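Colleague: The primary structure of each chain is shown beneath.
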Amino acid sequence: MSTASVQFREDARRVTADLRHREIINTALNKYAVKRDEKKSLFQDYEGARQLAAETKWEAINHLDRYLDQFVRGLEARGTKVHWATTGQQARDIIVGIAKEKGVRSIVKSKAMTAEEIHLNGALEKAGFEVVESDLGEFIVQLRNEAPYHIVFPAMHLTRGEIRDTFQKKLGDAPSDNPEELTLVARRVLRQKYLQADVGITGANFAVAETGMISVTENEGNARLTAALPKTMITLLGIEKVVPRLEDLALFLPMLATVGAGQLISGYNTMYSGPRQPGEADGPEEFHVVLLDNNRTALLADAEQRDSLHCIRCGSCLNVCPIYRNVGGHTYGTTYPGPIGGVITPHLRGLQDWKHLSYASSLCGACSEACPVKIDLHHHLLQNRRNASVRKPSAWQKIAFKLFAPIANGRILWSLLTKGGRIGQVFHWLVKGTRLDPAYCWTRTRDLPPIARQSFKEWWRKRQ
Amino acid sequence: MPNEIRMPKPEPAWIRVLFAIRIADFLRNPDFGLRISNQCMTERHSIFARIREALTVPAPVPGHHAGAARRSVTLPTPADHRRVLPAVGSSDGERVALFARNAAELRADFRLLEAPSELAVELQKLAAAEDWIRVASHRGALTDVACRALGLPVLLTDAPFDKVELEQCPVGISECDALIAQTGSVLVTSRSAGGRALSVLPPHHVVLARRDQLLADLPEAFALLKTRYGTDPPSMISFITGPSRTGDIERILVLGAHGPKKLTILCA
Numbered sequence: 001m002s003t004a005s006v007q008f009r010e011d012a013r014r015v016t017a018d019l020r021h022r023e024i025i026n027t028a029l030n031k032y033a034v035k036r037d038e039k040k041s042l043f044q045d046y047e048g049a050r051q052l053a054a055e056t057k058w059e060a061i062n063h064l065d066r067y068l069d070q071f072v073r074g075l076e077a078r079g080t081k082v083h084w085a086t087t088g089q090q091a092r093d094i095i096v097g098i099a100k101e102k103g104v105r106s107i108v109k110s111k112a113m114t115a116e117e118i119h120l121n122g123a124l125e126k127a128g129f130e131v132v133e134s135d136l137g138e139f140i141v142q143l144r145n146e147a148p149y150h151i152v153f154p155a156m157h158l159t160r161g162e163i164r165d166t167f168q169k170k171l172g173d174a175p176s177d178n179p180e181e182l183t184l185v186a187r188r189v190l191r192q193k194y195l196q197a198d199v200g201i202t203g204a205n206f207a208v209a210e211t212g213m214i215s216v217t218e219n220e221g222n223a224r225l226t227a228a229l230p231k232t233m234i235t236l237l238g239i240e241k242v243v244p245r246l247e248d249l250a251l252f253l254p255m256l257a258t259v260g261a262g263q264l265i266s267g268y269n270t271m272y273s274g275p276r277q278p279g280e281a282d283g284p285e286e287f288h289v290v291l292l293d294n295n296r297t298a299l300l301a302d303a304e305q306r307d308s309l310h311c312i313r314c315g316s317c318l319n320v321c322p323i324y325r326n327v328g329g330h331t332y333g334t335t336y337p338g339p340i341g342g343v344i345t346p347h348l349r350g351l352q353d354w355k356h357l358s359y360a361s362s363l364c365g366a367c368s369e370a371c372p373v374k375i376d377l378h379h380h381l382l383q384n385r386r387n388a389s390v391r392k393p394s395a396w397q398k399i400a401f402k403l404f405a406p407i408a409n410g411r412i413l414w415s416l417l418t419k420g421g422r423i424g425q426v427f428h429w430l431v432k433g434t435r436l437d438p439a440y441c442w443t444r445t446r447d448l449p450p451i452a453r454q455s456f457k458e459w460w461r462k463r464q
Numbered sequence: 001m002p003n004e005i006r007m008p009k010p011e012p013a014w015i016r017v018l019f020a021i022r023i024a025d026f027l028r029n030p031d032f033g034l035r036i037s038n039q040c041m042t043e044r045h046s047i048f049a050r051i052r053e054a055l056t057v058p059a060p061v062p063g064h065h066a067g068a069a070r071r072s073v074t075l076p077t078p079a080d081h082r083r084v085l086p087a088v089g090s091s092d093g094e095r096v097a098l099f100a101r102n103a104a105e106l107r108a109d110f111r112l113l114e115a116p117s118e119l120a121v122e123l124q125k126l127a128a129a130e131d132w133i134r135v136a137s138h139r140g141a142l143t144d145v146a147c148r149a150l151g152l153p154v155l156l157t158d159a160p161f162d163k164v165e166l167e168q169c170p171v172g173i174s175e176c177d178a179l180i181a182q183t184g185s186v187l188v189t190s191r192s193a194g195g196r197a198l199s200v201l202p203p204h205h206v207v208l209a210r211r212d213q214l215l216a217d218l219p220e221a222f223a224l225l226k227t228r229y230g231t232d233p234p235s236m237i238s239f240i241t242g243p244s245r246t247g248d249i250e251r252i253l254v255l256g257a258h259g260p261k262k263l264t265i266l267c268a
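Line by line, the protein sequences are chains Z and H.
Residues in the first sequence are numbered consecutively from 1, following our numbering.
Residues in the second sequence are numbered consecutively from 1, following our numbering.
If you're looking for bench data, these hints aren't it; they were derived computationally from the structure.
No experiment lies behind these values; they were computed from the predicted model shown.
Every residue gets a Cβ at the ideal spot worked out from N, C-alpha and C, and that includes glycine.
One thing to keep in mind: the hints can contain errors.
[Unchecked claim] Lysine-lysine pairs mimicking DSS-like chemistry, simulated, CA-CA at most 30 Å apart:
id, chain 1, residue 1, chain 2, residue 2
1, Z, LYS39, H, LYS226
2, Z, LYS432, Z, LYS457
3, Z, LYS193, H, LYS261
4, H, LYS261, Z, LYS31
[Unchecked claim] Rough simulated footprint, nothing fancy, chain Z against chain H, three-plus residues with beta-carbon under 8 Å:
id, stretch
5, 107 to 121
6, 170 to 179
[What the hints assert, rightly or not] Partner residues are not named here, just some residues of chain Z that face chain H (Cβ under 8 Å, in silico):
id, residue
7, ALA33
8, VAL34
9, LYS40
10, LEU52
11, TRP58
12, THR86
13, GLN90
14, ASN219
15, ALA250
16, GLY267
17, GLU286
18, GLY424
19, VAL426
20, THR443
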């Protein structure tokens, strides 16, 4: 078993039993679900919108070479410097290199999952730069030295009391646990950082091929400030972010906000096509765009699962996933948790080490139904299981099926075992949930329903 | 203390070896410091090569588990988008009502005025209510008139300005490109609304708009951007929807996270 899978099991066991955690997550996500459904119902044809979004992303991903080239040419024509990185290491080197060349000290960053993916903050801090996360949720988890809990709501697992304690300890300033006052504290601290910062780093939600623009979605205005005040702006994005045309955003911006946060459209949706242009009085003098592959092309090569590159990182598959809601975001140990993380992480970081994520699913299909771009998530989880066991068959699995097959196929053996089991169940309460229980690994955390008095076969025979 | 004369140590052998390797390397492949850009070009090529290689195998159609593979789909038109997106009434009155409803839900202050001359009057009321001692704005048909009527010192963001000074202004007054009824959004650009910082740095953002700038929906807004700016768009285009907000603490809505706590839209 890989260390990642051992860690997953241990954390899952701990977090699942944590009822307080479950309550926090359920409260937050139930609030979200009400808002999401309210906004979905405003669409004249929400299912139709999903299909259009899926087809648009399909077109972009299946002609990625053409659209990516168009996107980059558009950017370069207006004075943007475009960099290419095959690996996370290369992307880190490029960004650290730009910061060093500018001779800067302080960097302000708005939320970017790609930056989490390549562990950018660690690299910048190691090189001697001060990096401040400006998104409130990211700022809170950064103060606590934690990874984001969720790709859209990074601090969803924390209560206001915990956040107050963190501010008290790290900033020495927390008047109360009132969310409004806590937000104000963060605003005051971060305003100073903004005015001092020489470099701003952002991510991007979409890359518009037709016009050579990046599009950034946010609610707080922190990305707007990151792109307005520092002299140098750097945007890090994956090569799969492309949409063909500007007008495609008319569909994607409301879709992203609806399923991502239960809003009809997010507070700020901003398109940047270059550094400060002639005649403009503010904005960065230099604009760098770093395009990251980091095994996305390997995922692209898998035609069966290519649609997982349609992902717009809305987080809606996490929100509806019964496993995510119980084991929590940190248990996955990945940048992208939940169903989408279970599908893409094995491609990005190695199938055998991360195949356990495809078993962290009940295959209920809620994720596939929630996905605004119709990624076939639960089937991809099954395909990952298949691919993992074809490439590296498990001896235990083979033995188990060898034993199971004759029992399931032999009528007499099967009825003997089920009838015997029913008799056994009468005495089950004596050992239930203890180590003596033969079904211990199941009953430790669950109930074992009684075996039916009559099998389907028997019932059918009587009916005839 | 003995007074020694320090001789410079000869460099260690390994440094000489490194030099030799570097010189040999240079003779073989003279790069004149262009190594990084070369590497960048090769990364670009190798990424494109991998993409083209990957795409030789077609993928199943979207939304169908294990469906048939296809080579292309037709991209949706704005009319397709309109068919699925939230409905907007066809009359001008319905649009105004929808914008007002959206603004109220977003906690933006939307005031519909009778005539353009009232913009200045309304602004003076705001100035008195909030005790503005100075304002930040930019040159424009609506802002010029309004700022003159206010009679307060004005920080203009059309030419380079001090960002600390802007940060201390109690209000940023800007024009816009359009208002969008469907979402309650204000469309601004770095060209139409005084640059990038004016609409987001001061704690209160006041938008001055003409009644004919109210558009029905998002497809119309993107069409407007294309016809108005063509191949030379402003470096920043932003759809502002309500005041700055966050729900990062227990999913409780708080206004004024980083950007303006208040958004006032005066439309005449």
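Colleague: Decide, hint by hint, whether the structure agrees.
Modeller: Status of each hint after checking the structure:
{"no.": "1", "hint": "Z:LYS39 / H:LYS226", "in the structure": "28 Å, holds"}
{"no.": "2", "hint": "Z:LYS432 / Z:LYS457", "in the structure": "29 Å, holds"}
{"no.": "3", "hint": "Z:LYS193 / H:LYS261", "in the structure": "19 Å, holds"}
{"no.": "4", "hint": "H:LYS261 / Z:LYS31", "in the structure": "23 Å, holds"}
{"no.": "5", "hint": "107 to 121", "in the structure": "violated (count 0)"}
{"no.": "6", "hint": "170 to 179", "in the structure": "violated (count 0)"}
{"no.": "7", "hint": "ALA33", "in the structure": "11 Å, violated"}
{"no.": "8", "hint": "VAL34", "in the structure": "11 Å, violated"}
{"no.": "9", "hint": "LYS40", "in the structure": "10 Å, violated"}
{"no.": "10", "hint": "LEU52", "in the structure": "4 Å, holds"}
{"no.": "11", "hint": "TRP58", "in the structure": "4 Å, holds"}
{"no.": "12", "hint": "THR86", "in the structure": "6 Å, holds"}
{"no.": "13", "hint": "GLN90", "in the structure": "7 Å, holds"}
{"no.": "14", "hint": "ASN219", "in the structure": "5 Å, holds"}
{"no.": "15", "hint": "ALA250", "in the structure": "4 Å, holds"}
{"no.": "16", "hint": "GLY267", "in the structure": "5 Å, holds"}
{"no.": "17", "hint": "GLU286", "in the structure": "12 Å, violated"}
{"no.": "18", "hint": "GLY424", "in the structure": "40 Å, violated"}
{"no.": "19", "hint": "VAL426", "in the structure": "44 Å, violated"}
{"no.": "20", "hint": "THR443", "in the structure": "35 Å, violated"}
Hints 5, 6, 7, 8, 9, 17, 18, 19, 20 from the list above are not met by this structure, while the remaining hints are.
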